[in-house]
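Undergrad: Just so you know, the sequences run in chain order A and B.
Residue 67 in numbering that gives the first Met the number 0 is what sits at position 68 of the first sequence, and the numbering runs on without skipping anything.
Residue 112 in numbering that gives the first Met the number 0 is what sits at position 113 of the second sequence, and the numbering runs on without skipping anything.
There are no misleading hints in this set.
Derived coverage of chain B by chain A (criterion: at least 3 residues anywhere in the stretch with Cβ under 8 Å from a Cβ of chain A; other residues may be distant):
hint, segment
1, 145-156
2, 160-170
3, 201-207
4, 227-237
These are calculated hints, taken from the structure and not from any lab test.
All values derive from a computational prediction rather than experimental measurement.
Glycine included, each C-beta is placed from N, C-alpha and C at the ideal position.
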Amino acid sequence: MSRRVCLAGGAATPFDYPMHLEPESMIANCIVETQHDIPDFHLRNLQFMVYSHFSVHFGKQLAPEWIVHDHLGLVGVPHFRIENGGNTGGSALYAAFLAVKSGMFDVIGVAGWETMDNVSQSQGSEFIALASDTRYEALAGGIYPIYYAAMAHKFMKENGLTEEDFALAAVKNRNNAVDNEKSQWYRGEYQQYKRDLTIDDVMKSRLMSYPLKRYDCCLMSRGGAFCLITSEEWAKKHADGRYVVIDGAGLSSCTIRAGDRLNFPGWTEMYGEGYPDMTEFAACRKSGEDAYDMAGIEYDKALKSIDVAEIHDAFSSSEVQIYKALHWCNKDNIREFVREKRTFMGGDLPVNPGGGLMGYGHPVGATGIMSAVECYYQLTDLTPKKHRSSKTYVKNANTGLVNSHAGTGTSISNFIFRRP
Amino acid sequence: MSKKTQKAPEKKPAPRPEPAPKKAVDPRMHPIPLKVEYDDKHTNDFRGDVKEVGFHFAGYEWSSKEQQLLIDLHYDQLYYWKLAELSKMGRGFLDGELWGTQCPRCGDKFFPPRVNCWRLDEELQRTDWVRLEPQGHVHTFTIAGWSGKSSLKRLPFVLAYVVVDGCKTAIANELRGVKPWDPEFKMPVKVVWAPKEERRGVITDFHFEPADGWKPGPMNPEKERIKELCAPVYEWVKTLK
Ligand SMILES: [Zn+2]
Numbered sequence: 000m001s002r003r004v005c006l007a008g009g010a011a012t013p014f015d016y017p018m019h020l021e022p023e024s025m026i027a028n029c030i031v032e033t034q035h036d037i038p039d040f041h042l043r044n045l046q047f048m049v050y051s052h053f054s055v056h057f058g059k060q061l062a063p064e065w066i067v068h069d070h071l072g073l074v075g076v077p078h079f080r081i082e083n084g085g086n087t088g089g090s091a092l093y094a095a096f097l098a099v100k101s102g103m104f105d106v107i108g109v110a111g112w113e114t115m116d117n118v119s120q121s122q123g124s125e126f127i128a129l130a131s132d133t134r135y136e137a138l139a140g141g142i143y144p145i146y147y148a149a150m151a152h153k154f155m156k157e158n159g160l161t162e163e164d165f166a167l168a169a170v171k172n173r174n175n176a177v178d179n180e181k182s183q184w185y186r187g188e189y190q191q192y193k194r195d196l197t198i199d200d201v202m203k204s205r206l207m208s209y210p211l212k213r214y215d216c217c218l219m220s221r222g223g224a225f226c227l228i229t230s231e232e233w234a235k236k237h238a239d240g241r242y243v244v245i246d247g248a249g250l251s252s253c254t255i256r257a258g259d260r261l262n263f264p265g266w267t268e269m270y271g272e273g274y275p276d277m278t279e280f281a282a283c284r285k286s287g288e289d290a291y292d293m294a295g296i297e298y299d300k301a302l303k304s305i306d307v308a309e310i311h312d313a314f315s316s317s318e319v320q321i322y323k324a325l326h327w328c329n330k331d332n333i334r335e336f337v338r339e340k341r342t343f344m345g346g347d348l349p350v351n352p353g354g355g356l357m358g359y360g361h362p363v364g365a366t367g368i369m370s371a372v373e374c375y376y377q378l379t380d381l382t383p384k385k386h387r388s389s390k391t392y393v394k395n396a397n398t399g400l401v402n403s404h405a406g407t408g409t410s411i412s413n414f415i416f417r418r419p
Numbered sequence: 000m001s002k003k004t005q006k007a008p009e010k011k012p013a014p015r016p017e018p019a020p021k022k023a024v025d026p027r028m029h030p031i032p033l034k035v036e037y038d039d040k041h042t043n044d045f046r047g048d049v050k051e052v053g054f055h056f057a058g059y060e061w062s063s064k065e066q067q068l069l070i071d072l073h074y075d076q077l078y079y080w081k082l083a084e085l086s087k088m089g090r091g092f093l094d095g096e097l098w099g100t101q102c103p104r105c106g107d108k109f110f111p112p113r114v115n116c117w118r119l120d121e122e123l124q125r126t127d128w129v130r131l132e133p134q135g136h137v138h139t140f141t142i143a144g145w146s147g148k149s150s151l152k153r154l155p156f157v158l159a160y161v162v163v164d165g166c167k168t169a170i171a172n173e174l175r176g177v178k179p180w181d182p183e184f185k186m187p188v189k190v191v192w193a194p195k196e197e198r199r200g201v202i203t204d205f206h207f208e209p210a211d212g213w214k215p216g217p218m219n220p221e222k223e224r225i226k227e228l229c230a231p232v233y234e235w236v237k238t239l240k
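So here's chain B without its partners, still in its complex pose (with noise of 0.2 Å):
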């Protein structure tokens, strides 16, 4: 590491810039729009007594013994998601369409969307939208018997990886219309979409169902252990306030 002993080189003024000239762009370039007016809003369509409030201080404890100080600190943020260039998939979600990417070169399709093709010679392609077919076959699957704090009251629920119209990748939704213990590995689903009214432009507005005319296997050991297993999950959950 030696100290740059180097003379600046002299500072010239800096030309006028010319007018630039109207350059091609790069088709695989994002566009990124100038400005956006967001004319049909739904802010506080699902907001409920949800309040942000920044630092709240809600309380504190104290050991005497110990000599220990525990502070009860809350902490809210609402957070203005853009999805931008993903809106399409968005509105898709609130029209109850699902759609997905489609790289014009190599056709691989991908839901969730992939916004360049992910093949690295083909040098960030841009994928084009495409709508796909409702229905897929699950991949893999489980049985949750615990969540996140804001999916326990729905336990046990199962989280399916399901390929989409002949995607190359597997999207995670709920599995429903089906006991915990009855989902299998390749079955066919289709896509349920909620009521108009309570879709959020997110994932969750829509979850799958086995197809027209699945039916379940006949019960199994390991069935039946599942069944064992989700037994106090579904006891627990009736305790939840």
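Chain A on its own, in the form it takes in the complex (with noise of 0.2 Å):
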């Protein structure tokens, strides 16, 4: 396990709900933007390419990576495709991770994207329902954000916590997102509010599922992420200074449907009777501490030894539930963790700079690959650069934790970022 992996590089278009831009535009475009970044990158470096995309539904196009990999011009390069969840940006990067770890590869592109304008905001929310057990959950009127809130209402009774503790992580990340013009809310309802977003505006905007309303649930989008998986020998000679170190890497699973996690085996015997329950994110806990361990960050030192993270805030409240699977608080001051936002910019541990999927939007295969190079450009300082200030800039970030996150919960990943 000697052969360290690194991200090298790498871009991601706007997200927008609709968009204008096909998908091996949208990754033709982020591949240009790498190279402004590492001018050495060059196509013909590609020895093997990741494709991150969620669901075919959105553009009834089935394989349509073959698409982008064959206009992209690059015939003759293995490649394949990864699709799990909302997750499925965070497991084509550990494919590729595990691909440089093998010593089979050097340089892997991971490109992803989502085309979820192409059909209307309560068809798409049905397709991704089509992501849970159709037989069950689905068919009883079902969509995500209603699950999320299943749990969050439990999560929010059993640790005290309130709607406006939630409401918290929705203004954070939308305010985030207007230094990054790249972002969903910044291109979009931002123009109408010119203003940061309060907690009374979340608490006003209409019931998706309670306790979570509109801005507590992320946005549906069009977009595509890009970057760039090498070995350290080729990142230090062609990306000097432009790199971090993977130097942790986890991914776990648990239930499709929430209600099966009440007593599941697994789990108890793991983790002790009562967990997850329909509260805790186990596979976020799991995937959290195996990436922990790698890098060798202690459990509950974790909060002191992370500076910067972008995670799966699909919901205000998954948020919330993120930061206890990742220790960084628990059941007795995870209320004030959240009330001294120890998670906005200028708190210990700055999470979603670059927006979060409530900001920066959440097309599903391209989401993990954005928030992977969001926490790439904080180490590597290149966030005053993209983003419209240094408003969101975390100065001398030398450790970052990127989180992807799918299902009710079901596969989520959690990779530990340093510069080198």
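Fit the two chains together into the complex; they arrive one by one in their own frames, and the hints show the way.
TA: Below you can see the structure in the form of structure tokens.
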């Protein structure tokens, strides 16, 4: 396990709904932007392509990665596509990580996108609900915000939290996104607001599913993202000063139906009776612990050891649940942790300075890669150049965490990035 | 990655196969029926005006200013969902009976049914079908103010995760017969079946309602808050055709 794996460049398109750009052009744009940062990187360097795309429903196109790959001119280069729900991006990164770690390849392109603006919002919600067990939840009228709300409701009660506590994450990420001109919030609704979003705005927004309102939920988007996963030798030689080392990588799984994890033997034997129930993200905890172990981070010192994080805030509530799963707080101090704004810019662990899913957007296949790229920008000091100002730049950050999350917590990955 | 240089082994003619001895079937194997003929067909009972037409180009839109084209494509597909070894559950729905499964070794009971035990050390012990008492309690719940296309008109509704008859798992389904702001954690509920002619062999053939005798608690600030959140949803639903 001595070979070190790096992220040595990457970019995302703007995320929006609707947006007018075909998938092959999205990835082409991202590669061009990557080449601006990493001038040594040529298409000919790509030895393997890992594509990240969630739902072929949105494009009515099976194997859409074949179009992208071919139109990038990469015939002959091995490729495959990873599909793993909301954790598709994180899982594609994981696959590329394994492929470099194994010694098989030195330079891998990871490219992801989603075209959710091809259908109406309510139809899109129903498509995504097809990634729940359609024999049960989806038929009963459930869509993902409803499943998450049912989990968040119990989590809120059991941890002494309020709607306003969740709203803090919604406000933070959207207001961070204002500093990012590619973000869907900045490109869209912010242009009407022209001011920071407030807790009151969140509280007054339309009910999605109690306790979640519209502004507690992420956006449906079109968008793409790309990054380079390379060996350390390649990164040192061709991306000096512009790469991070992936010191930890974890991937874990949980039940598809949240209702199946009240007593699941696989978890109770690991973490004790009554865990994760429908309130905790056990796969986040496990993959986080695996990543911490690999990176030499002690769980109870995780908060101190990480300087910046890009996490999967599909819902304001899930961002808070993730804080707990990653050992940044516990049942006793979670309220203070949230209310003291520890994850805001200027807090001890700024979370989602890039805007997250609620601010930047959530074109599923691109999302995890976008999160990784935003974290990479922080650790290579590219953020001030990429964002509208330095307001969302975490200076002197050495260690970053990237989190990608699927289903009702069904597949979750966590990565630890460090400056070399 | 080295090129393979090994010689292929010489080919020998395959020996004539012996008649297979009658093997004991591993009881953990799920049987597969050789042929299935459906003698009680209801293929069009609920089809309405849905037609399967495949690709259907409904129209296009052109932007002369930005030189952008958009195609309106409709695509439909009729699926033939076979419940196979879960058919007992679906038949139960049609008959107004709730069937789950239970592991004969550890006793864990499941609804929705799991066809194998979830304990790794039991190496896929097959479960047995058991008829469940149509009652349970609410594990958690939410009040939906938005949903997928096919559920918009019944908003707002309560989706509850219910542990039925001592199962180790919870099933999500609609909780009716209660104001959206009135459900409570742990409240007792009963299974209520749709009229027989409306049942389709799926989970929505039943919903939950409060158990007989259950009364909601008095209004409180949280209930008032939920009521206030629901008000515009009721108004919005009225505007749907
Ligand atoms: Zn068992």
